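A.B. asks: Next come the chains, spelled out residue by residue.
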Amino acid sequence: MSKQEQHWEKTRNLLFITLAIWFVFSIGIFLFGAEMQDSNIRPFGYPLTYWFTCQGSLAIFVILIFWFAGRQEKIDDEFGFSEREGDQ
Amino acid sequence: MIKGKFIDNLPKVYGIYTGGFLVFIILMAIAEQAGMSAKLIGIFFVAFTVLIYALIGWLSRTLQVDAYYVAGRQVPTVFNGMATAADWMSGASFVAMAGGIYFKGYGYMALLVGWTGGYVLVASLLAPYLRKFGCYTVPDFIGTRYGGNLARFSAVIVLTVASFTYVTAQINATGTIASVALDIPFGVAVYVGLASILMCSMLGGMRAVTWTQVAQYIVLIIAYLLPVFWISSKLGAGFFPHFMLADEVARITELEGQFGFVKNSAADLATVPKGLAGITKAHSSVNATPWAFISLAVCMMAGTASLPHVMMRYFTTPSVRTARRSVGWSLFFIFLLYSSAPMLATLSKLSLIDPTLPTGIIGKTIAEVQAIDWYQNWNQANLMFISDFNGNGTLELNEFFMGGKAVVLATPEIAGLPYVISGLVAAGGMAAAMSTADGLVLAISNALSHDIYYKIINPKAETAKRLIVARVLLVLIGFAGATIAALEIQGILGSVIWAFDFAMSGLFFPLVLGVWWKRANAPGAVAGMLLGLISGTAYLIWVRSGGAGFLGITQLTFGIVGAAVSLVSMIVVSLITAAPDSATQKMVDDVRIPSGKTVLAQK
Chain A
1 MSKQEQHWEK TRNLLFITLA IWFVFSIGIF LFGAEMQDSN IRPFGYPLTY
51 WFTCQGSLAI FVILIFWFAG RQEKIDDEFG FSEREGDQ
Chain B
1001 MIKGKFIDNL PKVYGIYTGG FLVFIILMAI AEQAGMSAKL IGIFFVAFTV
1051 LIYALIGWLS RTLQVDAYYV AGRQVPTVFN GMATAADWMS GASFVAMAGG
1101 IYFKGYGYMA LLVGWTGGYV LVASLLAPYL RKFGCYTVPD FIGTRYGGNL
1151 ARFSAVIVLT VASFTYVTAQ INATGTIASV ALDIPFGVAV YVGLASILMC
1201 SMLGGMRAVT WTQVAQYIVL IIAYLLPVFW ISSKLGAGFF PHFMLADEVA
1251 RITELEGQFG FVKNSAADLA TVPKGLAGIT KAHSSVNATP WAFISLAVCM
1301 MAGTASLPHV MMRYFTTPSV RTARRSVGWS LFFIFLLYSS APMLATLSKL
1351 SLIDPTLPTG IIGKTIAEVQ AIDWYQNWNQ ANLMFISDFN GNGTLELNEF
1401 FMGGKAVVLA TPEIAGLPYV ISGLVAAGGM AAAMSTADGL VLAISNALSH
1451 DIYYKIINPK AETAKRLIVA RVLLVLIGFA GATIAALEIQ GILGSVIWAF
1501 DFAMSGLFFP LVLGVWWKRA NAPGAVAGML LGLISGTAYL IWVRSGGAGF
1551 LGITQLTFGI VGAAVSLVSM IVVSLITAAP DSATQKMVDD VRIPSGKTVL
1601 AQK
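Top line first, the protein sequences correspond to chains A and B. First residue of the first sequence? That's 1 in the numbering used here, and the numbers climb one at a time after it. First residue of the second sequence? That's 1001 in the numbering used here, and the numbers climb one at a time after it.
Note that these hints are calculated values from the structure, not bench results. None of these values were measured; they are calculated from a predicted model. The C-beta atom is built at its ideal place from N, Cα and C for all residues, glycine as well. Among the clues, some could well be false.
If you want the footprint, here are the derived chain A segments under chain B, 3+ residues with CB under 8 Å [stated by the list, open to error]: (1) 18 to 28; (2) 31 to 38.
Computed list of lysine-lysine pairs in BS3-like fashion (alpha-carbon distance at most 30 Å, straight line) [stated by the list, open to error]: (3) B:K1460 / B:K1364; (4) B:K1586 / A:K74; (5) B:K1597 / A:K3.
With the rest of the complex left out, here is chain B:
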């Protein structure tokens, strides 16, 4: 199936796949009407989709280095865009983003702007040039451009720190969803998630990951958009929510004014289960200072342009031109989900707090709310909680608490959609978390196998041996990630944001200046990577252990400190040491024009 003609048949293959998935959803809906239990529907959704991904992974198995590392460099523009979007949108984007918007409003939207704006930097500063370079991994670029094993090794360190921080969060998310949908303990579910991730990547490397990510994108985007459009119509808010929710947004502001944000006492809050929050911030008005907003957005943008698992997706396109266009498609496919998240948050909030809607619970008596089915379900799942703090028997805005995940997971049920939608959402969340974890695990193990093993330890290794090493490392890293994920140290969203800051601290300037500043040399790059990473990490530790910080830079934006140190040290050290030799300068010249062979092929 995946031979020769496969590339030409992609639209047909994925068209049939999408049709098949829609038929599956309809079959499940019929089964639900016929009395199939909710639990069984959830199991079917997750198991069926994961098996399909595993099948694609098996069909894409390969024994060629080029296919394993860069999918043979023949992934068409639009499909690479879909794969990148799945690679990019993690369990956090899928499950937690709408919740973040719901609770934090404007202050949180900096993440949306940052996670999309970063692609402008990817397209204009890096992706086409790295594609022309013809490398297999991001450290491969650093190592060849600057020369020397120390530069290569430093890049691997930064890559590993950033990607590993990220991947534990994703394996955690696959575990959470698998444990809910399949009804198994979290400690076991983490390894079920890991096994699914490895099945998609181990045999076929980048080629397998590419084609499963396209399949996962299709599942996750259907699973996100279908409920949003359905809920919107059902609430009478409009059939196309993105352009039609202005009245609903205004209505929420009106209700916020009417209810007021009453501050709860610490004693009252202590009774609320951990992880749940109340509505304490304005939904649509500006509630953060310009600097708080901009600094977070800047970190996410620079981090986007430095995260290796995203960058390496653009190594798989057939040409420089397609790499550039592919970035645009990636962002378009990401935009479809990101622009829907605020709409979902609006619909979810309005349906819960508007007393004039049948689903609204604010203003009802406590006993009434406690009798609602979905309240009981989600209360049991530890995602909803109410308490009569003022003892008046009526539910007030400040007496209602919810977990961030509930916005995506519970809103379909609150709005009265059939259970089949909840099963679909679970499959979508699983697809989002798996696709990101795949990309990350592969990025780390490729860097270790290609840059450390092949380039530094054993340059004479044969193809077969290199690929075996790559696979063994993939499994080891997966297990290490799952083991740490099982410990549940840091929340999903927190670790995702840290990963961006780590990547930005160590890699942003060494990558960008490698293309745009010919004078940059190896000592400068090494200083930039290591000092950037060290100072960023030191700042994080300082703030985490109670330090005051400076300039309003928090533990979520420590990349600003790291990147600033990285930039300054890279420029200073480059200028006080010798300029790169003429061969290196020629290499940079070659990177800057699209025509001709890749730089690595010329060497």
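Chain A with its partners taken away, still in its complex shape:
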């Protein structure tokens, strides 16, 4: 496998992990909105479903993007595909 193919495979795997986490907090948990609401987990005292819609999912997306960006930069560095000065 060429260097570029390996790079793309790693990039794709990172995409799948990122989208899986995204799916859980944007779609998955809301299949169980009513069940989560009755749970005893109450972040900052808010009902769980309510908290996810107000802050939880939103904050997780912010963190997820920065995490994803960091991981992708590592992958690019590993294969020497990071941008250099004057590339663009």
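Since chain A is already given, all that's left is putting chain B on it; use the hints.
C.D. replies: Below, chain B without anything else, positioned relative to chain A:
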């Protein structure tokens, strides 16, 4: 000022600007104490901020194509994040979102999840790759990746339909705020709003829009957060509302149980002025089916990743790496406002309905409420209404009606904040609506001038001529938008949601598969864009004209139909026609690695 060193001095420049704005707020507060009229304060706030934006627009004027289309590709990560946040958060987010949460609760929160979750798709599927591509507009990517004028032209059609639907709503919002704050008729105010929008974008294109959007973000975020924190402390709910309102949320649920949601008769409701609503849904508990919630969230997420005015902001960063990080900053700056909207809705609702609070009106006699100053003001502005349906002389929960905008606009006054805050909120709403309108008008006119005029009609046009055409189109599109906005066909929030569905129907899969599926070719992309847009639109028209719809897909989620058709037709047509040539495949390979020259620069 905006030369060479300007980029290095950004933190200082915007630091001084922010300080100056805070000083201005304090001066206005002093002027209020000294007896300046509320109306004059409102005029000062809106006029002063709009003049600053116009000044930035004028200072950023340019005669270079690169600066005009992509701000010279040198906007630093964090500042591009702020500009994107302003570009993104429209008049609807600023004025209507808290109201939507206040009235609809959980069912509406799908929009918050959707409008933030979409950025994960932007960061991981598209933004860095489109940046590497080095295009000026979204149709530029489609046209070059797939090849052929038909693909380019189809992308321009989808872009125009989606963005134009969106922009009329924004010009409408600038008109509404300008007409209230400056006290002029709406028909005139729409054109005042338009003139302000054009001043920010005409001379400097993307460069001017970028630097005004950063300035607008600063105004709008101060205008949103300051009242929320102030009201929360004033009500004794806690100095940091986001972490401290659990008791208030529980108290609302308790009151809802105590009052009950009494259903009004149709005859009673007919007496309520149009556009006002009562509290009929639970504040914090689940009140929508999983599918209703998820389908709306999915549409907003896919729409986010297909709206060209957002995507083109990531063409302005210096590199692929910064484009990726910039998406994270964008969402962070959006998060600051979005996570505050539910807190404002909670504070607003509790202060109105809790009989134990001095501001609470439920349980008071009708005559008492009618004597309150702020009730009279907002009743006159057609945003509040009470009526004694059961004739017992006391105000019940089901007898109190309010407009969605009142949650943001009236809560400061209800909580007893000085008028200077209301002036600030008007300036914030204006900034939010203007910044989004700027981005949209520019996205449309850039697509028409670059993709239709330069790439299809006259590829030999000189720089000067291209930029003149771009500016003429900008003005024409602005006027067309304002003219339609003046007709007031569809509500602000409705048209915003439609824009997402249109964009998702036609552009989501052609964009994503352009990067992630090498086998995708021009006939497939054209089929995907056109059939997606047509089927989505047809479904919308069918449901609007009384059709039953299927699978619980409503007029707000018709993008699901469009995108599904788009995906299937794109794959089928791509597979039955010839694979893209090796040059195109090589282009896709190049897009996938950050290093090296942009794809367009290699050609």
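A.B. asks: Can you give the numbers of the hints that this structure goes against, from lowest to highest?
C.D. replies: 3
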